[in-house]
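Spelled out, the chains give:
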Amino acid sequence: MVHKKRKRRIAQKAGLPPGTLVATAGPGHPEHAAPLAVAITRILYDAAGYDERGVASIEEALPAPDEKRTLWINVDGVHDIAILERVGKQFGLHPLLLEDIAHTEQRPKLESYGDHLFMDLNVFHLHEGSDEIHGEQISLVLGANWLLSFNEGPQPWERPLRERLKADKAHCRQHGPDYLAYTIIDAVVDGYYLVLERLGDRIEDLEEELMASPTPQTLHAVYLLKREVIHLRKSVWPLRELIGGLQRERDLVRESTGIYLRDLYDHAVQVLDTVETYRDILAGMLDIYLSSVSNKMNEVMKVLTVIATIFIPLTFVAGIYGMNFEFMPELKWRYGYLFFWGIIVAVGLGMLAYFRRKKWF
Amino acid sequence: MVHKKRKRRIAQKAGLPPGTLVATAGPGHPEHAAPLAVAITRILYDAAGYDERGVASIEEALPAPDEKRTLWINVDGVHDIAILERVGKQFGLHPLLLEDIAHTEQRPKLESYGDHLFMDLNVFHLHEGSDEIHGEQISLVLGANWLLSFNEGPQPWERPLRERLKADKAHCRQHGPDYLAYTIIDAVVDGYYLVLERLGDRIEDLEEELMASPTPQTLHAVYLLKREVIHLRKSVWPLRELIGGLQRERDLVRESTGIYLRDLYDHAVQVLDTVETYRDILAGMLDIYLSSVSNKMNEVMKVLTVIATIFIPLTFVAGIYGMNFEFMPELKWRYGYLFFWGIIVAVGLGMLAYFRRKKWF
Amino acid sequence: MVHKKRKRRIAQKAGLPPGTLVATAGPGHPEHAAPLAVAITRILYDAAGYDERGVASIEEALPAPDEKRTLWINVDGVHDIAILERVGKQFGLHPLLLEDIAHTEQRPKLESYGDHLFMDLNVFHLHEGSDEIHGEQISLVLGANWLLSFNEGPQPWERPLRERLKADKAHCRQHGPDYLAYTIIDAVVDGYYLVLERLGDRIEDLEEELMASPTPQTLHAVYLLKREVIHLRKSVWPLRELIGGLQRERDLVRESTGIYLRDLYDHAVQVLDTVETYRDILAGMLDIYLSSVSNKMNEVMKVLTVIATIFIPLTFVAGIYGMNFEFMPELKWRYGYLFFWGIIVAVGLGMLAYFRRKKWF
Amino acid sequence: MVHKKRKRRIAQKAGLPPGTLVATAGPGHPEHAAPLAVAITRILYDAAGYDERGVASIEEALPAPDEKRTLWINVDGVHDIAILERVGKQFGLHPLLLEDIAHTEQRPKLESYGDHLFMDLNVFHLHEGSDEIHGEQISLVLGANWLLSFNEGPQPWERPLRERLKADKAHCRQHGPDYLAYTIIDAVVDGYYLVLERLGDRIEDLEEELMASPTPQTLHAVYLLKREVIHLRKSVWPLRELIGGLQRERDLVRESTGIYLRDLYDHAVQVLDTVETYRDILAGMLDIYLSSVSNKMNEVMKVLTVIATIFIPLTFVAGIYGMNFEFMPELKWRYGYLFFWGIIVAVGLGMLAYFRRKKWF
Amino acid sequence: MVHKKRKRRIAQKAGLPPGTLVATAGPGHPEHAAPLAVAITRILYDAAGYDERGVASIEEALPAPDEKRTLWINVDGVHDIAILERVGKQFGLHPLLLEDIAHTEQRPKLESYGDHLFMDLNVFHLHEGSDEIHGEQISLVLGANWLLSFNEGPQPWERPLRERLKADKAHCRQHGPDYLAYTIIDAVVDGYYLVLERLGDRIEDLEEELMASPTPQTLHAVYLLKREVIHLRKSVWPLRELIGGLQRERDLVRESTGIYLRDLYDHAVQVLDTVETYRDILAGMLDIYLSSVSNKMNEVMKVLTVIATIFIPLTFVAGIYGMNFEFMPELKWRYGYLFFWGIIVAVGLGMLAYFRRKKWF
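Chains as they are written, first to last, in the working numbering: chain E, 1 to 361; chain W, 362 to 722; chain H, 723 to 1083; chain S, 1084 to 1444; chain D, 1445 to 1805.
No wet-lab data here; the hints were simulated from the structure.
From a predicted model like this one, the values you see are computed outputs, not experimental measurements.
The beta-carbon is built from N, C-alpha and C at its ideal position, and this holds for glycine as well.
Treat the hints with caution; some may be incorrect.
Pairwise CB distance ranges, derived in the manner of DEER restraints [as the list claims (entries may be wrong)]:
#, chain 1, residue 1, chain 2, residue 2, range
1, D, E1576, W, A714, 24 to 34 Å
2, D, D1649, H, E963, 28 to 38 Å
3, H, R808, W, E524, 25 to 35 Å
4, E, R356, D, D1649, 31 to 41 Å
5, W, K719, E, V347, 23 to 33 Å
6, S, A1436, D, E1576, 23 to 33 Å
Capping the alpha-carbon separation at 25 Å, the derived lysine to any residue pairs in SDA-like fashion look like this [as the list claims (entries may be wrong)]:
#, chain 1, residue 1, chain 2, residue 2
7, E, K166, E, G176
8, H, K1081, S, Q1300
9, W, K720, H, A1068
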């Protein structure tokens, strides 16, 4: 459960001075059994060319001072505090910004630091073969002609994005780092669609199960799904605000990118709409479950009532003729036994007719 | 279920660069068994005249550069990417705008591109003989003296609208393409009224069923109806915003059209009111259902209790006189059997009086 | 049900060009069996005098062009399209405005047309001897020194209002048509109080019924009342906005009338408060009903359980001594039968004590 | 129930011209058995002196025209229309303002009439020995150097306030009538705390009752308490707005008083917070009640089921050996009866073990 | 329960003039058995040096008039009215501000008094070994180069904060008292994380209990937890506003501190998010509980129904052959008894098959 982890991490930090770097992910963290090496990639590009290089240290990644090309540094792995501090020093980043990068349980947000913008994003991955949704944090720092991106680990969108950048001289490389930031956020939002699709499938499965044969397990699944939707919603709301805010950052975000951001904003609203719809649907499913349980109990009660109300009076009649009174004229009748059966059949059929009229079976 | 489709389509696109045209409707799409030809109609009109022509390609539809008349190009079928791209090139449309036209699962929205406005609308159709509501997308691009409209397929309002345009020289043809856009949105909103009327009828039917003889099927129908209302609501909210925004677009929308839009806005609010009312009513119906099930179970329980509490003690009494004790004086009494019946009738009538006083039957 | 009617009427109009006049009330309409004559009254007044006249046609009602007195034309009956069109022509009213007058199922609204204001109001009447609330529409058009009022039929406030106007030279006739419009809206809001009083009485009756002896009919009544409150609320919200908007219309509404409108606004807020309170109370009543049904079932169950758990074991004991084993020593005992009754009484009293301690009866 | 009274009073007025004075409290009103004399007190004060006088008529209360001291006229009893009209004449009050004073069922509000402010407040009293909350209205009119206060009857805060004013030359008498108005509103808000404290105690009592032994009476009490909280809330919301608005009335409210109003505003927010919390808690209590009823029914069912499922099969076995078949070998067995008891004990113990494992008892 | 205490304290004060100092904590208060001494600490610091001193009276704590260093006076214990009054006199604090410090049941708030800011905060502590959350109030007064802090008792963050201040010449001591205020609020917010972590653990425990074996005690725990969350929420909402307001106080809060406050604001939003999520989850748990109770009752009913519907008819059959009719041919049959067993086994197995098909066991 992502949500509990978040709380715990920040609680660890309670008492330390603000701006203290404490890694909440990475080696030494119980979640990652083996330490993960930090991978730094440096890309320089403009309409004319594209230069990609894996570097060992952040200092290697720095371009010449008179570099005109757009610089993109991508860091996979935020658990190495030393690297973050060196990045901070090179690009003049505020300690609180670095702290936000290192603490991977942040709420999505956009913050302006004058000549650069800081963005925190939550990305969600689906584990193959399981229904668990795994959340990671991506941090972006956008400067005038550079972009820094920090991921908890390698992201699925990294490779396709680089290849598009390499290939698409006419379009992608024409734009600056703001467009690059847009494409990354776009990939993140696309990831939400995949998660929503999976959730939607599970909701439909549960719906069918609910209608056909609900069990307490179905309800439990609805409950867990509802929690995941609540959790997802908590990430999407601020994401929408982030994109809206980015559109208004006219200094670092060019007009041409603004149109793309507007489109992205619509996508975020659509994701939110879907999340809210799922919430409504899941809330409705609980009611369906409860009424289905009531119905089943009703059915059980009817069976009991039909059987008991037919046979209890009949047993009473049989009990009468099992009595040992000396004077019981019926017992001596020639057709006493047949007479008994007549009563039994009449009462039984009468009862059945009554229940049939009541539509009990 | 429209809502699931939407999610799935956009998920297909995840990973592609923004602005990539991927048709989500039309031939090759599993929903349309046979490919549907794209029909392009070009209309030129002013107060003086009206000229309508079906054209084979978008280039044919383009008027002379010095054309003063209002141009309306209507495209039925958005699955042919090539046509959209040629339209985009001719009218200088942004790739994202074309992408929104091609992806037919958009949220209604209004976007300004400087010298033209883009509008996405959801229109709902009722299938004859079924309760299913089918959603389609209509996209409008409004320029200074031209209007482009893109539909997933032929729309019921197309023919009457053209005929009115042809006939009504005094009114419709006096106004520009903004008024034409208004009439199309008006037709869309009128479509909502038809859908709401159908939903209202079904709600009334379900209400009567609930009061008379609710079954789990009734509840299921309420649940499905509720989902449709949730879905409809998701379209009407942004539609209202769209019309409100259109009123403020003073460059491309004339003052005279503004009054009509204000009226249309009121209609959209009324639709929304009705949708919200339906939601409230449907939510209340679930409670009625649950309490009706409780009532029924109560009734079943009462029958069981009345029968059981009368006959169980009587059976006990009969059991006593079926015992084989050697010394049981009542068995030898002359009127022992009558005495037994006296007890039985007294206990039985006492019980009945008790239940009658409790108003159990 | 007013709410369904509204939807249906507008659906009728779907497909017609905007501004087409279609009467939704009056002769030919199924609701009115016999055609109702349209009654036009023309009143001219100022501080100096008062002149009231019933006129046959709208043209007769028009004053001399240099008329300085305030003109009030009241039209009872909006089903005669021709009259509306002639009024529209004389006073320069927009076709959409006339359409709103003719369609009597509008949402309350205020619209400015430059030199005149248009207002749509819903008024509610109580039918004597029935619980049904009947809604009608009143439309007002306020000009610089004239007021037009259109009602579906004669209104109860018409006569007292005219007499006050005739009598109260010092106050009412000093003010212009804006004050006249205020007095009409005030009469409408007073009508809401009467409706709320009736609803409040019914809520109190239902409350007592719920506490004393709830039946499914009580619940049905709560449900229907809830629907009426939902419907009423839909009219009061926009009415409040209308009055608020009127206060800001400084061109046609004088300062002196503004104070009266502020007071009226408070009344509308109070009506809304009461409607919301009723909604809360009705929602709470459903819960009371459900818990009352649960309590009753609990009581039924207790009776069944007490009787069954006492007599089922006793019957078993009686069954034992009805067995025909050859060797059953108790049967031969001299006081076997008394011994049996001893067991029965002990078990029975023990059970009773147990249930008494459990507070089951 | 205050809330019903309010509605009824205003409904009485429906049809009268606006500004008509109709007393809704006082003599002749069914609530007050005996007519209550109107008590008028006139106080003139400044830092130098304090002069208090009970006066018989409002004209006596008027100060000399060149009076510099602050004037406070307190009127206990608003049912004497003549007095209100004379006050209105002397201080130039609008008829609507007087109407609001006379109608004691108003919503709290603040209205500016240029050179004076009008305030309506609801004050709540607790009746000793009963749980009923009784609401009264206080109206304040604040001028440049005078304050009028109108109460339905004598208020508990009157005497302490006057004595403080008399004694506290340094502080209270330094300030003008705006500070005096503040102290009165402060006393009103303090009254809310007392009411909330009582409600809080009752909520705690009900909580304990719910946990220990809930009865339908408990639920009824929760329901009534909820209604009172809904009613209280309706008064506190506008009170908060009133105080907020007063802070912005910079003409008649001095800067020095502003700080006190800010503090008072916080108190009103705190009252509102508590009211909202009570609402949440009461809503939660209903759920607890329902689940407690369910639990009890569950317990009853378990007892029935345990007894019935043990003894019904045993009775069947006893029934078998009570049959009269000629050939039933067990009946002849020497230890047949013991064998029977063996079966009975085995089945009975098996059942008990089963239920114990199910944790049914 | 903190919430009740608050109400009671303020109610005590009802009737006293505003600004009257009444201690709501400290000696004489039932909560503190033994009086607690008030501890005053005075700290003077700048980048150059740090001087800390415990002082006996507030007058000792005052610096020389030409003091340039930042002054921090921390007072642990707010029950000594005399000390507060002397502080107020020395720093020119308004009586209402002092009143807010002394009344420890305030809502968090920020108030500007021109040259100084007043802040009220709620801090929460967890008692070791118990689940109770204990709330205390911290008040801060921020001047141009001084900060006063008032706590109900010694706070856990005091010592680490002083040591950091002493050690961290480069960073903490560079900033003014606004940064100091920030670090204190940061410590308070960190305290919320600890409380949330504990609540989160308890929620998870309850969740497991609910799924495994819910009892009425579980529900009671959910109810109490929900109340604590409601209470916590009431403190966090105004805290968020407080931090937001502090960011806008540009006179006393330096630009450099603004960035830290923005970060703190994000933390407060995150706390709020978590509180809201807990509320949603706890609300969902009640539904789970109710449905779990329903399920259990269903299960009980099934056992009863299976046993009763199998054995009641069989008992009837046994009853038949226990009758004493003279003419009952079956009794004389050679294999009558076997025939009886045949019927019994057939009926019993048929019933079992039926219930198995119904999935009742």
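Quick rundown of the hints versus the structure:
Evaluation of the 24 to 34 Å hint for D:E1576 and W:A714 yields a failure: the beta carbon distance comes to about 56 Å. The given range of 28 to 38 Å is broken by D:D1649 and H:E963, whose C-beta atoms sit roughly 50 Å from each other. Evaluation of the 25 to 35 Å hint for H:R808 and W:E524 yields a pass: the beta carbon distance comes to about 29 Å. For E:R356 and D:D1649, the hinted distance range of 31 to 41 Å is not satisfied, since their beta carbons lie about 51 Å from each other.
As the Cβ distance of W:K719 to E:V347 is approximately 25 Å, the hint placing it in 23 to 33 Å holds. Our hint of 23 to 33 Å for S:A1436 and D:E1576 is violated, since their Cβ atoms are close to 41 Å apart. Of the pairs offered as hints, the one joining E:K166 and E:G176 holds, with about 14 Å between alpha carbons and a cut-off of 25 Å not exceeded. Distance hint between H:K1081 and S:Q1300 is fulfilled; the C-alpha atoms sit about 16 Å from each other, no more than 25 Å.
For the hint pairing W:K720 with H:A1068, the CA-to-CA distance comes to about 32 Å; that exceeds 25 Å, so the pair is violated.
Of the numbered hints given earlier, the model fails hints 1, 2, 4, 6 and 9; all others are met.
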